[in-house]
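K.L.:
Line by line, the protein sequences are chains A, B, C and D.
Heads up: the first sequence at position 139 corresponds to 202 in this note's numbering, and the numbers run straight through without jumps.
Heads up: the second sequence at position 155 corresponds to 218 in this note's numbering, and the numbers run straight through without jumps.
Heads up: the third sequence at position 130 corresponds to 193 in this note's numbering, and the numbers run straight through without jumps.
Heads up: the fourth sequence at position 123 corresponds to 186 in this note's numbering, and the numbers run straight through without jumps.
Derived by calculation from the structure, the hints in this document are not laboratory data.
Check before you lean on any hint, since a few could be wrong.
[Said to hold, decoys possible] Derived lysine to aspartate or glutamate pairs resembling EDC-like cross-links, with alpha carbons at most 20 Å apart: (1) Lys196(A) to Glu234(B); (2) Lys196(D) to Glu275(C); (3) Lys196(C) to Glu214(C); (4) Lys116(A) to Asp142(A); (5) Lys196(B) to Glu85(A); (6) Lys196(C) to Asp281(D).
[Said to hold, decoys possible] If you want the ones that stay clear, here's a sample from chain C, every Cβ over 12 Å from chain D, calculated: (7) Thr80; (8) Glu85; (9) Pro105; (10) Arg137; (11) Arg183; (12) Leu239; (13) Ile249.
All residues carry an ideal CB built from backbone N, CA and C; glycine is no exception.
There are 4 protein chains.
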Amino acid sequence: MHIDINCDMGESFGPWTMGDDERVMPSITSANVACGAHAGDPGVMRRTVRAAKRHGVAIGAHPGFADLQGFGRREIQADPAEVEDLLIAQIGALAAIARAEGASLRHVKAHGALYNMAVRDRRLAGAIAGAIKAFDPSLIMLGLPNSSLIEAGAAEGLRVAAEGFADRSYERDGSLTPRSRAGAVIHDPALVVDRAVRMIRDGIVLAADGAEVPLKVDTICVHGDTPGAADLTRRIRAGLQAAGIHVRAL
Amino acid sequence: MHIDINCDMGESFGPWTMGDDERVMPSITSANVACGAHAGDPGVMRRTVRAAKRHGVAIGAHPGFADLQGFGRREIQADPAEVEDLLIAQIGALAAIARAEGASLRHVKAHGALYNMAVRDRRLAGAIAGAIKAFDPSLIMLGLPNSSLIEAGAAEGLRVAAEGFADRSYERDGSLTPRSRAGAVIHDPALVVDRAVRMIRDGIVLAADGAEVPLKVDTICVHGDTPGAADLTRRIRAGLQAAGIHVRAL
Amino acid sequence: MHIDINCDMGESFGPWTMGDDERVMPSITSANVACGAHAGDPGVMRRTVRAAKRHGVAIGAHPGFADLQGFGRREIQADPAEVEDLLIAQIGALAAIARAEGASLRHVKAHGALYNMAVRDRRLAGAIAGAIKAFDPSLIMLGLPNSSLIEAGAAEGLRVAAEGFADRSYERDGSLTPRSRAGAVIHDPALVVDRAVRMIRDGIVLAADGAEVPLKVDTICVHGDTPGAADLTRRIRAGLQAAGIHVRAL
Amino acid sequence: MHIDINCDMGESFGPWTMGDDERVMPSITSANVACGAHAGDPGVMRRTVRAAKRHGVAIGAHPGFADLQGFGRREIQADPAEVEDLLIAQIGALAAIARAEGASLRHVKAHGALYNMAVRDRRLAGAIAGAIKAFDPSLIMLGLPNSSLIEAGAAEGLRVAAEGFADRSYERDGSLTPRSRAGAVIHDPALVVDRAVRMIRDGIVLAADGAEVPLKVDTICVHGDTPGAADLTRRIRAGLQAAGIHVRAL
Numbered sequence: 064m065h066i067d068i069n070c071d072m073g074e075s076f077g078p079w080t081m082g083d084d085e086r087v088m089p090s091i092t093s094a095n096v097a098c099g100a101h102a103g104d105p106g107v108m109r110r111t112v113r114a115a116k117r118h119g120v121a122i123g124a125h126p127g128f129a130d131l132q133g134f135g136r137r138e139i140q141a142d143p144a145e146v147e148d149l150l151i152a153q154i155g156a157l158a159a160i161a162r163a164e165g166a167s168l169r170h171v172k173a174h175g176a177l178y179n180m181a182v183r184d185r186r187l188a189g190a191i192a193g194a195i196k197a198f199d200p201s202l203i204m205l206g207l208p209n210s211s212l213i214e215a216g217a218a219e220g221l222r223v224a225a226e227g228f229a230d231r232s233y234e235r236d237g238s239l240t241p242r243s244r245a246g247a248v249i250h251d252p253a254l255v256v257d258r259a260v261r262m263i264r265d266g267i268v269l270a271a272d273g274a275e276v277p278l279k280v281d282t283i284c285v286h287g288d289t290p291g292a293a294d295l296t297r298r299i300r301a302g303l304q305a306a307g308i309h310v311r312a313l
Numbered sequence: 064m065h066i067d068i069n070c071d072m073g074e075s076f077g078p079w080t081m082g083d084d085e086r087v088m089p090s091i092t093s094a095n096v097a098c099g100a101h102a103g104d105p106g107v108m109r110r111t112v113r114a115a116k117r118h119g120v121a122i123g124a125h126p127g128f129a130d131l132q133g134f135g136r137r138e139i140q141a142d143p144a145e146v147e148d149l150l151i152a153q154i155g156a157l158a159a160i161a162r163a164e165g166a167s168l169r170h171v172k173a174h175g176a177l178y179n180m181a182v183r184d185r186r187l188a189g190a191i192a193g194a195i196k197a198f199d200p201s202l203i204m205l206g207l208p209n210s211s212l213i214e215a216g217a218a219e220g221l222r223v224a225a226e227g228f229a230d231r232s233y234e235r236d237g238s239l240t241p242r243s244r245a246g247a248v249i250h251d252p253a254l255v256v257d258r259a260v261r262m263i264r265d266g267i268v269l270a271a272d273g274a275e276v277p278l279k280v281d282t283i284c285v286h287g288d289t290p291g292a293a294d295l296t297r298r299i300r301a302g303l304q305a306a307g308i309h310v311r312a313l
Numbered sequence: 064m065h066i067d068i069n070c071d072m073g074e075s076f077g078p079w080t081m082g083d084d085e086r087v088m089p090s091i092t093s094a095n096v097a098c099g100a101h102a103g104d105p106g107v108m109r110r111t112v113r114a115a116k117r118h119g120v121a122i123g124a125h126p127g128f129a130d131l132q133g134f135g136r137r138e139i140q141a142d143p144a145e146v147e148d149l150l151i152a153q154i155g156a157l158a159a160i161a162r163a164e165g166a167s168l169r170h171v172k173a174h175g176a177l178y179n180m181a182v183r184d185r186r187l188a189g190a191i192a193g194a195i196k197a198f199d200p201s202l203i204m205l206g207l208p209n210s211s212l213i214e215a216g217a218a219e220g221l222r223v224a225a226e227g228f229a230d231r232s233y234e235r236d237g238s239l240t241p242r243s244r245a246g247a248v249i250h251d252p253a254l255v256v257d258r259a260v261r262m263i264r265d266g267i268v269l270a271a272d273g274a275e276v277p278l279k280v281d282t283i284c285v286h287g288d289t290p291g292a293a294d295l296t297r298r299i300r301a302g303l304q305a306a307g308i309h310v311r312a313l
Numbered sequence: 064m065h066i067d068i069n070c071d072m073g074e075s076f077g078p079w080t081m082g083d084d085e086r087v088m089p090s091i092t093s094a095n096v097a098c099g100a101h102a103g104d105p106g107v108m109r110r111t112v113r114a115a116k117r118h119g120v121a122i123g124a125h126p127g128f129a130d131l132q133g134f135g136r137r138e139i140q141a142d143p144a145e146v147e148d149l150l151i152a153q154i155g156a157l158a159a160i161a162r163a164e165g166a167s168l169r170h171v172k173a174h175g176a177l178y179n180m181a182v183r184d185r186r187l188a189g190a191i192a193g194a195i196k197a198f199d200p201s202l203i204m205l206g207l208p209n210s211s212l213i214e215a216g217a218a219e220g221l222r223v224a225a226e227g228f229a230d231r232s233y234e235r236d237g238s239l240t241p242r243s244r245a246g247a248v249i250h251d252p253a254l255v256v257d258r259a260v261r262m263i264r265d266g267i268v269l270a271a272d273g274a275e276v277p278l279k280v281d282t283i284c285v286h287g288d289t290p291g292a293a294d295l296t297r298r299i300r301a302g303l304q305a306a307g308i309h310v311r312a313l
């Protein structure tokens, strides 16, 4: 039994720092690196790629809307052709930076509002999958299980990876509890670790109403920009390993 | 005898159009495509690459400072490491767009203030050459003859190409007459054509003071954003061909 | 009988030009000046204000989403508080530029997607009205007749002005025919002039299906960025004057 | 005897936080608020103005180059007319936000590279002074003592205020020791406090070589973005008050 742990990285910009990449890096196996549109700049991208390489962490592109102020979290009206071009440019920029460091990309995960929109909009999901395929069809596409994202990636013949969130509450239908609802984010580290283990080992997540929901995931997403992120991530990794689950990149 | 004609292309952005790319494209052999930092956006980049491919024009990256408002023409304080990362990201973005169109890059030419600064600053020129080498050492680096740019490219082992300007006045020392001086830009098409022919056929340019200055160039740069650019470019190409000079990409 | 003619102005940015402001200015009475977020930069703003002043044209702020590439025409998720701050900053920037030219603002008209979203979202409309009121409650707020915009302006105690579009087709319910439908934009100048006159003189617009729709407007909006805009605007103004309608600012 | 303490504030942007404004605010008397070009966004500007008002801190505009990634610290080629327009727009934006909070501006201090360039370039300094005068001639202009900035402000008839840096080393000629030199920044809080007191009480600063340099300042600048900034600022204020110096806004 094995699992990947992915985390958004390289979300600093210019003079501003976000996250605690150096301390999170040792606990993860895949880094989703911002590509300069919603966060990151060429220098940040390079330092992040370098750190990932040093820690033996797989490098992926984390493209998003070109919206620094909104951090790519605001939904922006976009047609699929526009999204495809936007993503190809971002993936290409990061791949070039990686090449300069003697590294290459393993996966792509869309960021923020773009991810959320594509989860429910099959055409946007198709644009994301199309961008990946156009750039390098061997890249793995990450997405929410059973969503348009996964469906579009598979339809394009890409290798896809479904991700689960150990620190988020789920609904009975397998969707995430909206962040606006109380209890949407789980803060108790022991509980988060326990949920991660059940997700991987048993393929089950407990829904907010107590129901056991089947959930098959290939990677666990952890959040690097919350206080205590490094510690929580270390505990999740240790917990998974203690449960006999091998933690390794996709 | 042969020569390349290069022109900056894809300098539109969002709702704004610049240049007359469609009408200039048939007369040139190399397109320097803006990479989204000083001009261009992913959609413009893709349309420009597509047009270049349709016209059989070689595609090059034209990276510049990330300064839309100043169009990359303002000098910005930058250290070499920053410039290298900035260029790798831009070249990578354009290369990815090109790949999505089944095309690939042939050359790189720095834009505007970055080009001008690197002409006289060997360290910046080295950063540009370093970026090209890190991304793809088979790309050709364009620059001003006898400048730091050409020197740095050669020092990195890159294939370099020196460019001449048929519509610009030169000084006795081979430098360009500053734009602030009267007569710096030559507007008479017949004269421009004549100067282009002499430059290629005889390796000579007439300086502002009448002196014959030796100048060895591999490519002629034409400007696509001036009124009448398409016509002037067509006349230059026709004039070169009439003089028995084969016009072809680098 | 009198009417105002308003037009979006100052939509150039950095090296890029949009519209033909100098030729349109003589025919209009109110200029909606872009404020640097979706178009315009401080230099463009200043030149536009100066031109408006020279032509005796009333100056208004035309704030929009901070989205240059999308020209403020993409809908962006935004909460009312964010929109209020965004607009205050933009109106303030333009008012300051106007003050430096010895001029002051007369009106505010939201731009593009923000306008369209506020037409149907009373909370966003309230944010726009709130921004105007917070900055200067004597400014006139422009909007679509019978929309949330006009309603919100009135609710805040602002003077409001309803605008009509002589070159746009209307539906039986008084809404604009969506641009995606054939015939949404009317190109025949004679017809446009005729519709402008009927709108002002008779308070009526012919809907796409031939129905006479009552429409009470205080200002006619003309578009400055279409080919022939200057001529069409001149004809509209002349046609209104020939029909005995006095053309003057709000 | 009295002195003002000024500090750069509101330098967060979108999702990124900089500085510890809330903890620094109680110890200062003037806040230089970023205006959205090098840092700050409309929401940050509003929150910063609101906090300053709550703490009874005088509000000033802190305009800089439109360079988020470089945080306004990179020198950018700019002609005076451009700088004037850039500053008017920024000051106007902040003044509008302040007005919405029932507050008004007291001073203007240029930021980063713009400040440094204007210290030695009288024409840029004149553009800054011209912008302030054009917007509101009652605003106080801050600058380095004996620099072009102060000279330009005075020449425009503005009220000027010279600022000193308690945590920076000075040269015998009254200039600041360049940051690139060891000892340029003084970290020992007791020493910083002592230097602040001597500067105000005695009009003297100890140069790096031990010489007593006369220095007449109206305000002390403290830095809010360094670790321990809030504590250091509180100690400076307490030290000044203990020395019988009244701390109050300009």
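K.L.:
Sort out which numbered hints this structure fails and list those numbers smallest first.
P.N.:
1, 2, 4, 5, 6 and 9
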